[in-house]
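Start from the sequences and build out the full structure, keeping to the hints where you can.
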Amino acid sequence: MMLAVPALAQDGAEPGQTQLNGTIRFGFDQFFEGVAITVADSSGAEIGQAVTDTDGRWSVPVPGPGAYRVSIDTGTLPEGIRLREGQESLVDAVVDAGQSRAVVFAVGEAPKGTPFGERAAQTVFNGFKFGLIIAMSAIGLSLIYGTTGLVNFAHGELVTFGAVIAWYFNSSWGELNLIVAAVLTVIVCGMLGAGLESGLFRPLRDRRLGIFQLVVITIGLSLLGRQLVQLFFGAEPLPYRDFQVQERWEFGPWAVTPREVATIAVILVALVAVGLMLQKTRFGKATRAVADNADLAAVSGINVNRVVLIVWIMGAALAGLGGVFQGLDADIDPFLGFQLLLLIFAGVELGGLGTAYGALAGSLIIGMSTEVSTLWISPELKFVVPLAALILVLLLRPQGLFGIRARVG
Amino acid sequence: MPADRPPPEGPSAPEDRSMLLDSARRTTEVEPILTVHPEPGVAKPNPILTMDGLRRSFGGLTAVDVDHLEIERGIVTALIGPNGAGKTTLFNLLTGFDRADHGRWEFNGQMVTSPSPDRLARRGMVRTFQLTKSLAKLSVLQNMLLGAPNQMGERLWAAPFRHLWRNQERTNTERADELLEQFNLARMRDELAGTLSGGQRKLLEVARALMSDPALVMLDEPMAGVNPALAQSLLGHITQLALSGVSVVYIEHDMDVVSGISDWVVVLAQGRVIAEGGPWKVIHDESVIDAYLGRRRAGTEA
Amino acid sequence: MDFDIIFGNAARAAFGPEAIILALAAIGLNIHFGFTGLLNFGQVGFIMLGAYGTSVAVATFGWSLWVGIPIGLFLALALAVALGIPTLRLHAVMFAIVTIAAAEIIRILIGSTDAIGLTGGPLSVSFDAGAFFDLNPYADGPQDRYGVGTFAFTGQQMWVITVGWVLVALVSLIVFLIIRSPWGRVLKSIREDEDAARSLGKNVFWYKMQALMIGGVIGGMAGVIDAIKTSGADPNGFRPQVTFYTYTALLLGGAATYMGPVLGAILFWFLREWIESFLRQLSAEAWLPGAIADFLEGSEGIISVAMVGLALVLLMLFRPQGITGNRIEMQLDAR
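Residue numbers (the numbering used here), protein chains in the order written: chain A, 4 to 412; chain B, 5 to 306; chain C, 750 to 1084.
Source of the hints: derived by calculation from the structure; they are not laboratory data. Just so we're clear, the structure is a prediction, and the values are computed from it rather than from any experiment. It is possible that part of the hints are untrue.
Stated by the list, open to error - So the derived list for chain C, only partly shown, Cβ under 7 Å to chain A, looks like this:
hint, residue
1, I846
2, A850
3, I854
4, I857
5, T862
6, M958
7, M962
8, F993
9, G1058
10, L1061
Claimed, not checked - Pulled a few chain C residues facing chain A out of the computed Cβ check, cut under 10 Å:
hint, residue
11, A845
12, I865
13, L1000
No residue lacks a Cβ here, since even glycine has one placed at the ideal position from N, Cα and C.
Rendered as C-alpha cells:
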C-alpha cells in the first residue's frame, strides 16, 4: 500500500520579517503552483493573500506577533490533489515577533492514488471477509434466539473471549502456535457456552423468568465480561504473535495476505458445515422443529434441552472463532466483541430474525456496506452505514429482507 | 338480566325476569330476520355491517374470500365454521387488525375507508379476542375504565389537572361498577386483572367492551375455556345485549350454544360463506355438515 | 482503612450531579419502559443531544446559555419524533436494537473529525457556563465547603446540586400527575397489551409517541445538567453503556414506580462509589499481599463497573421488581 508523505513546509524566508509561509507539495518531487492562501487575523479580517510559486512556496507578511488564521482555497489545487484526511482547510497559527512561521497544509493524491476500480475491488474483498466474520459470529445469536427466544446481549463478549483466550494461548500460556491456540479456543468457548446454558439459562427458563429479565441478565453479563477482560487483559489493543507480517499475494486486482485467505476458507468451511448440519442431520431437523414450536417439538419426542445445549455450544464456539479471526484482522481489545455486536444484530435482523440463511446474507450485506462505504466516506464513519441500512430496512420491511410477514391475530 | 344464570351466590342481581318473558320478547324483536331467505350473501332488512368482495390471502393460501355478507342490526349472529375457515381472520379484517388484499365494507351506514382498529372502535365496533387480553397489571376497575370513550383525562394536556376530568371519571366509575355488578365481578373490583381466572377474564373483556356503549360487539370465541357455570352467565349477557339494541357477532364451535342463543348463523368454510340462515336450518344443512366433516361438495369446488 | 472517607465519598456521589443526571435519565426511561413498555435502548441518545445541543449553541454559535438549554431539549424532542415515526410500530426487540443503533449513529457522527467545526468532534466541546453560575447564591471561595468530612461540595457544586434536585423533584411531580391520570392508564394498557388498547379505541401510536417525547425530553434535561456540570460535552461519555447504567438504576429502584428511578440512581452511585473507594483504601493497606495490591491499584473503577454488571444479574435473579416494586405485579409478567 502506498502512502502519501505529508507535505512539508519550509522555513525559507529572510530573517527578521514577521511572516507566515509554507510550501504546498506532495512527496519529494511534486510542488504545486497557483494555490491560493489567505491570512486573516483572529477576528477574521483579511491581512493578505498569496499564491504559490513554481516551487509551491508561499508567504504572507503579517503586521506583528499574534494569532492568525490561515486558509487554503482547495479549489485552486490541481486536479486529483486534495487535502489529506483530517487536514482542515482553516488553520490557526501563532507568530512571535520577527519569526517566520511555517504553516503546513497536508495534501495528497485523491486517496492513495490507486485506481478507483482497484480500491473498489479491495474494499469488496475486505467487506466479504468482514461479513463472513460477522456471519459466523451471528449463527449462535440467531439460533439461540430461534430456539429459546433469548436475545443475547452478551454474545459480543463471547466473541471477545475467543479473541482474548486465543491471545493468551498464543502469547502467554505456553506460546502455542496460533492455529493450535484457535482450536483450543474453540473448545474453551464451546465449554463456556455449555456452562452458560446448563448453569444459568436453563435453570432460569425452568423458573419461567420473563424474557425481559433474561435480556437484562445478558446485559449484566456483557458488562461484567467486558470489565473482566479489561481487568486481566487490559484496555490496550494487542496483536497475536503469529502471522503478523505476511507478503501479499496478487490475484488480479486483489492483494491479499495468506492469513486472509485462510480466514475466508475456514469460515466458509464452517458455514457450509453448519448449513449441512441444519439441513441434513437429525439434529438439524430437531433444531428447526424447536425453533418452529418448542412445545410441539417436546411432545413429539425431541429433547428440547439437549437441542438448546448443542445450539449454545456450537454458537459460542463459532463466536469464539469469529473473535480469533477478528483479532487477527484488527488486534484484540476488550471492546472488540461489543463493537461487533451491533453489526451482528444488524446482520441478523436484516436477514430476518431466526432465519439461518437470512442471517448469512444479512451479515454479508452489513460487512460489505461497512467496507465499501469507505470508498466515499471517511473510515471513522463507516459503522454509520450498516446501522443506517438496518434502520432503513426495518422501516421498509420490518420482517427483514428474507423473513416472512407474520400473521396477525 | 338473563334468567338462565346459575343460582347466584351472595349478593345477586335483582332482576328476575322469567325465561319465558325473555324468549317472548326476543321472538317479537327478531321477527324481521325470520322473513329473510336463508342463502349465502342474502340481503337483510336493516344491516349494520355490509361487506363486498373481501379477500385476504397468506402466501398462496386464501384465508378469507367473502363476496357479499350482511350482518343484521340488533340481533345475535353466530359465525361458525371448521378450523381454519377464516373466522378470526375475517374478524381481524373487519376490525382493522389485519389488512384486506381487497374488498370494502360499510359499518353503520358509512364506508370504512382506512380501517384502523382504534378508529373503528371509536365508531362503535368493539371486539374481544380469542386469547383474552385482560390487562394483567391493571386492576379490574382500571380495565373497565379504559373502555370508556371520549375521556378528557386521556388527553396529555388535561392529564395533570384532575379537576378537568374528575367528574367524568366518577360517572365512568359508576357505570363500570354497574357493569361489574351485572357480570358478577364486583367482588374482584380492586384485584389485579392478572389474578382472575380464565373465565372471569373473558367476562371482564366483554364487560369492558360494553363500557363504550358500542353499536356492534364482535366476540371471538367468548365461551372457549370458560367453565360451564360462567359460560351460562356469559350466554345470558349476550342475549341481553341484543335485547338492549346492541348487535352481536360471535365466533363459536359449540353447536348447542349456537342453536341456543343465535338469531342468525353464518357458516364459513375455506374463507367463503357457504351457508347462512336461522340456527336450526343451518345446523342441519347438508353442506354445513359436509364442511365440518371435511367432505367437499361438488358444487363448492368451482 | 478509613470508613468515614469511604462513606463520605459514596454519599457525595449519591447526592452529587452524577446521581442527578442518572435520576433524570431514569425518570425519562421509566416513562418509556416502565409505564409504556417501550424497550428504549438508546436513552443515551437523548442525553447526548441535550448535552450537545446546549454546548454547541453556546460554544460554536456563541448564543446565550438560556437559548442553548431550550435548543438541547428541543433536539431531544426532535429525536423522539424522528425515531418514533418510523419505529414505534416495530416489534419490541427490534425497537430496542434500532434505538441503540440510532444513538450510536449520532455518537459516531458527533465525534467524527468531519464534525470538528460544529461539535468539536473527537476533541470534545467546552463552553462557558458563566450565565448559570452567575446566579449562584452559595459563597464560592476556594475555602468554602458545604458538608462534613469528604461528604462536602464546593459552592459551584452546591448550586448545580440544588438546581438539579429541585428539577428532579419537579419532574417527578409532573410524572406522578400525568401517570395517575386516565392518560397514564392508557400508557399502562399499551404496556400490557397494545392490541387490547387498540380494540378499546386508543390511538396507540400517538400515545407511544407522546411517551417517547416526554421521556426523551427528560433524558435531554439530564444532558443539559451534564453539559453545565462539565461545561461541555465529550463523545466518549455517551457510549451505549450509559443506557445500560440507566436501566440498572431504574431496575434497582423499581420500574413503573414513581420514586424508583430516583432512589435507584442514588443507590447506584452510592454503591458504585463505595466499592471504588473501598478498593482504593484496600489497595493501600499494608497487610495486603503485594501482588493483590498491585492488581487492585488503578483497577478500582473497572471493578466497580464490573459490579454493576453483576448487580444487574443478581437483581433480575433475586429481586426483579427492584427495591420499591411490587412482587405480585412482577409474577404476572411471567404468565
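Grab the minimum C-beta distance from I865 (chain C) to chain A and call the hint holds if it beats 10 Å, violated otherwise. Holds: closest Cβ of chain A sits about 7 Å from I865 (chain C), inside 10 Å.
Should the hint that L1061 (chain C) touches chain A count as held when the rule is a Cβ pair under 7 Å? Check passed: Cβ of L1061 (chain C) comes within 3 Å of chain A, closer than 7 Å.
Report holds or violated for the interface hint on I857 (chain C), using the least CB-CB distance to chain A and a cut-off of 7 Å. At 5 Å from the nearest chain A Cβ, I857 (chain C) passes the 7 Å test, so the hint holds.
Under 7 Å, Cβ to Cβ, is where F993 (chain C) needs to be relative to chain A, so tell me if that hint holds or is violated. 5 Å, holds
Mind checking the CB of M962 (chain C) against every CB in chain A and telling me if the closest is under 7 Å? 19 Å, violated
M958 (chain C) as an interface hint toward chain A, with CB separation required under 7 Å: Hint violated; M958 (chain C) Cβ to chain A Cβ min 16 Å, cut 7 Å.
When the nearest CB of chain A is found for G1058 (chain C), is that gap smaller than 7 Å? Cβ of G1058 (chain C) sits 3 Å from chain A, so the hint holds.
Can A850 (chain C) be said to touch chain A, with a Cβ gap under 7 Å? A850 (chain C) check passes; min Cβ-Cβ to chain A is 4 Å, inside 7 Å.
Regarding the hint that L1000 (chain C) lies at the interface with chain A, is the smallest CB-CB distance below 10 Å? Hint holds; L1000 (chain C) Cβ to chain A Cβ min 7 Å, cut 10 Å.
A closest beta-carbon separation below 7 Å is what the hint needs, so does I846 (chain C) meet it against chain A? Interface hint status for I846 (chain C): holds (5 Å vs cutoff 7 Å).
Close enough to count: is the Cβ of A845 (chain C) nearer than 10 Å to one in chain A? A845 (chain C) check passes; min Cβ-Cβ to chain A is 8 Å, inside 10 Å.
Regarding the hint that I854 (chain C) lies at the interface with chain A, is the smallest CB-CB distance below 7 Å? 5 Å, holds
The structure is inconsistent with the numbered hints 6, 7, although it conforms to all the rest.
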